[in-house]
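Undergrad: Work out the full structure: start from the sequences and follow the hints.
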Amino acid sequence: MSQPPQPPNQPPSGPPGGDSHSDADGQAQGQGGGFGPPPGPPSGSGPAEPDPADSSQQDPAKSDSAQPDSAQPDPAKPDLSQREAPGTEPSQPAGEPPQPPQAPPAPAGPPPAGGFGAPVPPPPGQQPGYGYPQQPPGAQPGYGYPQQPPAQPGYGYPGQPSYGQPPYGQPGQPYGQPPYGQPGQPPYGQQQYAMYPPTGPMPAGGMPQGGGQGSKQRMMIIIAAAVAVLLIIGGGVFFATTGGDGDGKKDTAGNSSGGTGGDDGSGGDGSGGEKPAKTDAELLFSVDKPKLTDVTKVDGLWVTDKAFAKGSLNSVVGYNKADGKEKWTLELAGQICWGSKHTSEDGKAAVLFQDGKVGSDGRVQPCSRVAAFDVNTGKKLWEKQVSLGDENVRFSEVTVGPDVVAAGGLYGGAAWKLDSGKELWRPDQTSDCEDAGYGGGTGLVAVRKCGSYDAPKIEVQKLDPSSGKPQFSYDVPEGVDYVHVISTDPLVIGIDAGGAVGTSDVIAIDDKGKMRSRISTENGKYTVRCSAVEVEDCKMVAVDDDSLYMGTEEHESQEEDYGRTNEIVAFDLDTGKARGKAEAGGRRVMTPLQMEDGTLLAYMEPTYDQGGQVMAIDPKTLKSTVYLKNPKDSIETESSYRPSLNVRLLYEGGRLYMGQTLMSERSSSLDRKEYLLVVFGSE
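Quick note on numbering: the numbering used here labels position 12 of the sequence shown as 17, and the sequence is numbered without any gaps.
Accuracy of the hints is not assured; some may be wrong.
Listed next, with one range per pair, are the computed distances between beta-carbon atoms [as the list claims (entries may be wrong)]: (1) THR382 to GLU688: 21 to 29 Å; (2) SER457 to ASP433: 14 to 22 Å; (3) GLY591 to GLY364: 50 to 58 Å.
In short, the hints are calculated from the structure, not lab data. Backbone N, C-alpha and C define an ideal beta-carbon position, used for all residues, glycine too.
TA: So, in structure tokens, the structure goes:
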């Protein structure tokens, strides 16, 4: 572990950048598909917003916000130019620290309603404050809609099939993955969030396709975006918006059992909600990026009261919490495919990895090996594979639930006892159904798909962790392409409905399997993001027993002459209606980070002259308190961990842990040093 980097001499300007199973040593499938800037927004006015009074009653698969015709982009013409609204801060490369804002230009008259440019202020007294569902006057977008951005692909792997999509390449082979043992694309070309291009070269690969009417649209958008990335990378230029024109949305997440900022779930020891004695932080520790030869998955970030651990190249490495020194290394047979988003109360976690290292010719092995380990000591508790005929089952993700580790995917699943590795159960695959994946934490939930690939029937099941038997099931409405588990207790899911690209709605489900409420993201006005196809991989959302918290899209600050800001809005899980908001303040943007000890934690992104902050928000009053203020001299480093990038954030014990999940051999265009992990804290 290296010492913290030295303060920059001037404002930074470069881009950052059981019997049927056998014990084993290995790791899995490579998936390609890089993504760059999405097509530019269409002209014309934005769609009318749904009436919040009807929000909890609408069919999510048919809601207007899920499929606005006017919001669909022309996927054949990705806009590689950098457009900026008058008076906004200049755009900059992905991961680059925010630059000082320029003085706003003289007014040039209002742009046409709904056009590309500065947002039109609302007529006095006609609209409520930004952050609430509202009905805009006439055809003009309501305040907070500078322009209607195109539907955007959720972050994650483009190389996974939809629930039930026929495999591509050969039987049992996931779409986008090269056949076993054959040269293929570099693994894990994970797409970035909207308007944040990759931090390194991203290989083109398979594309996710929904089972609903949005399949073709999704494919075209992905193709266009992939082409855009190749053009951008070829020129050595990275385009991004930082406080720009409203397309750059901020991402983070968590749930009632503790979020991670980068992914849904509990990655820590449950003590994250405590306020440190001092709020002024410094960069305590940093871990150098491992030597890489390609785009590499380095998923996994776990924290206990004694140690913290980070996924790295073909390994998991643990560090002493007191001094940040390397404590242990758990070698793996191949690259990490997935790190559990949850850690047990006694500090145990799980990892899914490939069944062998990537060869010099690019040959990749399947993601078939699962191991559980102790975060405090680095001891590997067990390692398993599941055989199916002559082959081992390929998994997509792994989770930790109550005394259980569950791995799932379109080709099979299994669950083991966390401590011993004893196989507990496998999902029934004798019918035309399969478990697409599982959500863990304080409960265990399965997303199960049945029927044909073009008309799947999807249900969400709350499982008995020890037997795998459903305690209740919720039938997902027709027209839903993908389902993502945001929280298992309470049960909250995100859905991609009605042909929308990305999460269109959030649904809360009661303990009888009935819909508790439905909350629309209003075509991107509320920025929850879930991966393209994975079940347990959501960001920018937090949940407690009573409320759902989502950040709004960025909009012009009303407190400043220029700059962008946003809010976090609290929605009642019983009614689906907004009940209040917490404002980030002038020229600041914040996103939900996690729930801890009954408090909502949010991450405030750094600006050109201020470090990031961890904010504690009272769920009842929505008043904010500063928990941690990161230093100005680390803005350059911190900006590489924007929640919208391939990162995970965790606040535990008065410290903010920020880890990369996907890295490449290539550094930024200016060869600025990159870190696998950084830790901020006051002591």
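Undergrad: If you check each hint against the structure, which ones fail?
TA: none
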